[in-house]
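Those protein sequences? They're chains A and B, same order as listed.
The first sequence stops at residue 223 when you use the numbering used here, and every number in between is there.
The second sequence stops at residue 223 when you use the numbering used here, and every number in between is there.
Any given hint could turn out to be false.
Note: identical chains are not told apart, hence a pair may lie in one copy or across any two.
Unchecked claim - 30 Å max Cα-Cα, derived DSSO-like pairs, lysine-lysine:
(1) 64 with 223
(2) 58 with 127
(3) 220 with 44
(4) 44 with 223
(5) 220 with 58
(6) 220 with 64
Just so you know, the hints here were simulated from the structure itself, not pulled from any lab data.
Number of protein chains: 2
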Amino acid sequence: MTAALPSHAGVTDIYFDFLCPYAWRGLELADVLRREHGLKFRLRHFSLVQGNHKENPERKSPTWWLDQQVSGQGGEMQAGSLNAFLAGQAALRQSEDAAWAFTLAMFRAAHQRAAGESAPDFKNDGVIRALAEGTLDTAQFERDFADETGLRAALHQDLQDSASLGVFGTPTFHLPDGHIAYFRFGNLVTEAGAALALWNLYTSVLTDGARIETIKRAK
Amino acid sequence: MTAALPSHAGVTDIYFDFLCPYAWRGLELADVLRREHGLKFRLRHFSLVQGNHKENPERKSPTWWLDQQVSGQGGEMQAGSLNAFLAGQAALRQSEDAAWAFTLAMFRAAHQRAAGESAPDFKNDGVIRALAEGTLDTAQFERDFADETGLRAALHQDLQDSASLGVFGTPTFHLPDGHIAYFRFGNLVTEAGAALALWNLYTSVLTDGARIETIKRAK
Numbered sequence: 005m006t007a008a009l010p011s012h013a014g015v016t017d018i019y020f021d022f023l024c025p026y027a028w029r030g031l032e033l034a035d036v037l038r039r040e041h042g043l044k045f046r047l048r049h050f051s052l053v054q055g056n057h058k059e060n061p062e063r064k065s066p067t068w069w070l071d072q073q074v075s076g077q078g079g080e081m082q083a084g085s086l087n088a089f090l091a092g093q094a095a096l097r098q099s100e101d102a103a104w105a106f107t108l109a110m111f112r113a114a115h116q117r118a119a120g121e122s123a124p125d126f127k128n129d130g131v132i133r134a135l136a137e138g139t140l141d142t143a144q145f146e147r148d149f150a151d152e153t154g155l156r157a158a159l160h161q162d163l164q165d166s167a168s169l170g171v172f173g174t175p176t177f178h179l180p181d182g183h184i185a186y187f188r189f190g191n192l193v194t195e196a197g198a199a200l201a202l203w204n205l206y207t208s209v210l211t212d213g214a215r216i217e218t219i220k221r222a223k
Numbered sequence: 005m006t007a008a009l010p011s012h013a014g015v016t017d018i019y020f021d022f023l024c025p026y027a028w029r030g031l032e033l034a035d036v037l038r039r040e041h042g043l044k045f046r047l048r049h050f051s052l053v054q055g056n057h058k059e060n061p062e063r064k065s066p067t068w069w070l071d072q073q074v075s076g077q078g079g080e081m082q083a084g085s086l087n088a089f090l091a092g093q094a095a096l097r098q099s100e101d102a103a104w105a106f107t108l109a110m111f112r113a114a115h116q117r118a119a120g121e122s123a124p125d126f127k128n129d130g131v132i133r134a135l136a137e138g139t140l141d142t143a144q145f146e147r148d149f150a151d152e153t154g155l156r157a158a159l160h161q162d163l164q165d166s167a168s169l170g171v172f173g174t175p176t177f178h179l180p181d182g183h184i185a186y187f188r189f190g191n192l193v194t195e196a197g198a199a200l201a202l203w204n205l206y207t208s209v210l211t212d213g214a215r216i217e218t219i220k221r222a223k
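Sequences are here, hints too, so could you generate the full structure?
Structural data, given as C-alpha cells:
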C-alpha cells in the first residue's frame with residue numbers, strides 16, 4: 005500500500021496523543037533513536053478524543069474537530085488534550101531538541117507518576133508553564149502560546165493528515181517509504197542497542213514481502 | 005503474559021475459521037513449516053460467526069455456541085461453517101497428513117477461486133465429500149462424519165479453549181511458550197526459506213523484551 009500522503013524524505017512522522025501511555029513509550033523510543041542513532045522523526049498530533057468521538061463514525065472524514073472546540077469546554081480529556089496539543093505546537097516553534105524535551109516532559113508528567121500521584125491537569129496553564137520552564141525558552145513560549153489562531157491551524161493540519169492516513173491510535177509511525185502502522189508495546193525501552201533492535205523489528209514487519217497487516221495478542 | 009491455557013509441549017495451536025482468507029494463508033504457511041522445517045502444529049477451530057455473534061458481548065464467556073446450533077439453520081455463514089467444522093473434526097481422526105490435506109483442500113476451495121467462480125457451499129455434504137475424496141480415506145470419513153455427537157463435542161472443546169484464550173480472529177497462533185496472537189498477512193507464502201523467515205519474524209515480535217502488544221497498519 006502506498007500511503008495517502010507522502011512523508012518528508014528520510015523523516016518518520018510519529019503521531020501521538022499525550023493521553024496515551026503507549027504513545028509515551030513510543031516517544032521515548034524515538035527519542036533514543038534520534039539521539040543515539042541519528043534517525044529523523046517529526047512530532048505530529050493525533051487526538052483520541054476526536055478519533056473516538058461519536059460524531060466521527062468515518063475515520064477518514066471527521067466532522068467534529070478538536071482544534072475547533074472552545075478552550076476549556078467538553079470533558080476533562082477534551083479540554084486537557086486541546087490545551088496540551090496547543091502547548092506542544094508552540095514548543096515546535098523552538099529548536100528540535102527543545103520541542104522534544106518539552107514533549108517528553110509532558111508525557112512523563114502524565115504517565116511516569118509515582119503510585120498515588122494524581123494526573124497533571126493539562127487544561128491548567130500553570131501546569132503547562134511549569135513544564136515549559138525546565139525545557140523551553142519561556143519568553144518565546146509565552147509569545148507563541150498566545151498565538152491561538154496559528155497554533156490551532158497547525159494542530160488542524162496534524163489532525164487532517166492523520167485522519168487522511170487512517171490513523172486510529174497512538175503511537176503510529178509513518179515511515180519515509182510510506183508504510184504506516186500503530187505500534188503498541190508495554191515496556192519502556194531506553195537502552196540504545198535495544199531501541200535500535202526494536203525499531204528494526206518493527207520496520208521489518210512492515211516491509212516484509214508477506215504484507216503483514218496485523219499482529220495482535222489475544223488476551 | 006502467560007496464556008490462560010497451556011499449549012501442548014513443543015506444539016503450536018493454530019486457530020482458524022474456513023470463512024477467513026487470512027486463516028487460509030496462515031494454514032498454508034504452517035503447512036510449509038511442518039513439512040519443510042519439522043515444526044509442529046495442531047489444527048484448532050475458532051468460529052467468527054460465534055465470536056461476532058450479538059449474543060456474545062463478552063469474548064471470554066460466550067452464551068451462543070456454534071456447536072449447539074441445529075445443522076442447516078441460521079444464515080449461510082452459520083450453517084456452512086458449522087458443517088465445515090464438523091467435517092474438519094472428522095478429518096482430524098485420520099492421519100496428520102490426511103487431516104492437513106483435507107483442511108487445505110477446504111481452504112483452497114473457499115479462497116483460491118478463479119475470478120467469477122462461485123464460493124463452495126459447505127453446508128452441502130456433496131461439496132464436503134468431493135473434497136474428502138481427494139484427501140481422506142472416504143469410508144472412514146463417512147463413519148466419522150456420521151458421529152455428530154462426538155464431532156460437536158470436539159468442536160466445543162476448540163471453541164471453549166479459544167474463547168478462554170481471548171481469540172478474536174483467525175489465524176491465531178498459540179505458541180508452546182504461551183504467547184498467542186492474531187497474525188494477518190496478505191500475500192501467500194509457500195517458499196520454504198521465506199516461510200521460515202516470516203515465522204521467525206512473527207515469533208520475534210511476540211518474544212521481544214518490549215512486550216509488543218499490537219502492530220497494525222493504518223489504512
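Consistency of the hints with the structure:
{"no.": "1", "hint": "64 with 223", "verdict": "both (29 Å within a copy, 9 Å between copies)"}
{"no.": "2", "hint": "58 with 127", "verdict": "within (22 Å within a copy, 39 Å between copies)"}
{"no.": "3", "hint": "220 with 44", "verdict": "both (27 Å within a copy, 22 Å between copies)"}
{"no.": "4", "hint": "44 with 223", "verdict": "between (34 Å within a copy, 23 Å between copies)"}
{"no.": "5", "hint": "220 with 58", "verdict": "both (25 Å within a copy, 22 Å between copies)"}
{"no.": "6", "hint": "220 with 64", "verdict": "both (23 Å within a copy, 17 Å between copies)"}
Checked against the numbered hints given earlier, the structure satisfies every one of them.
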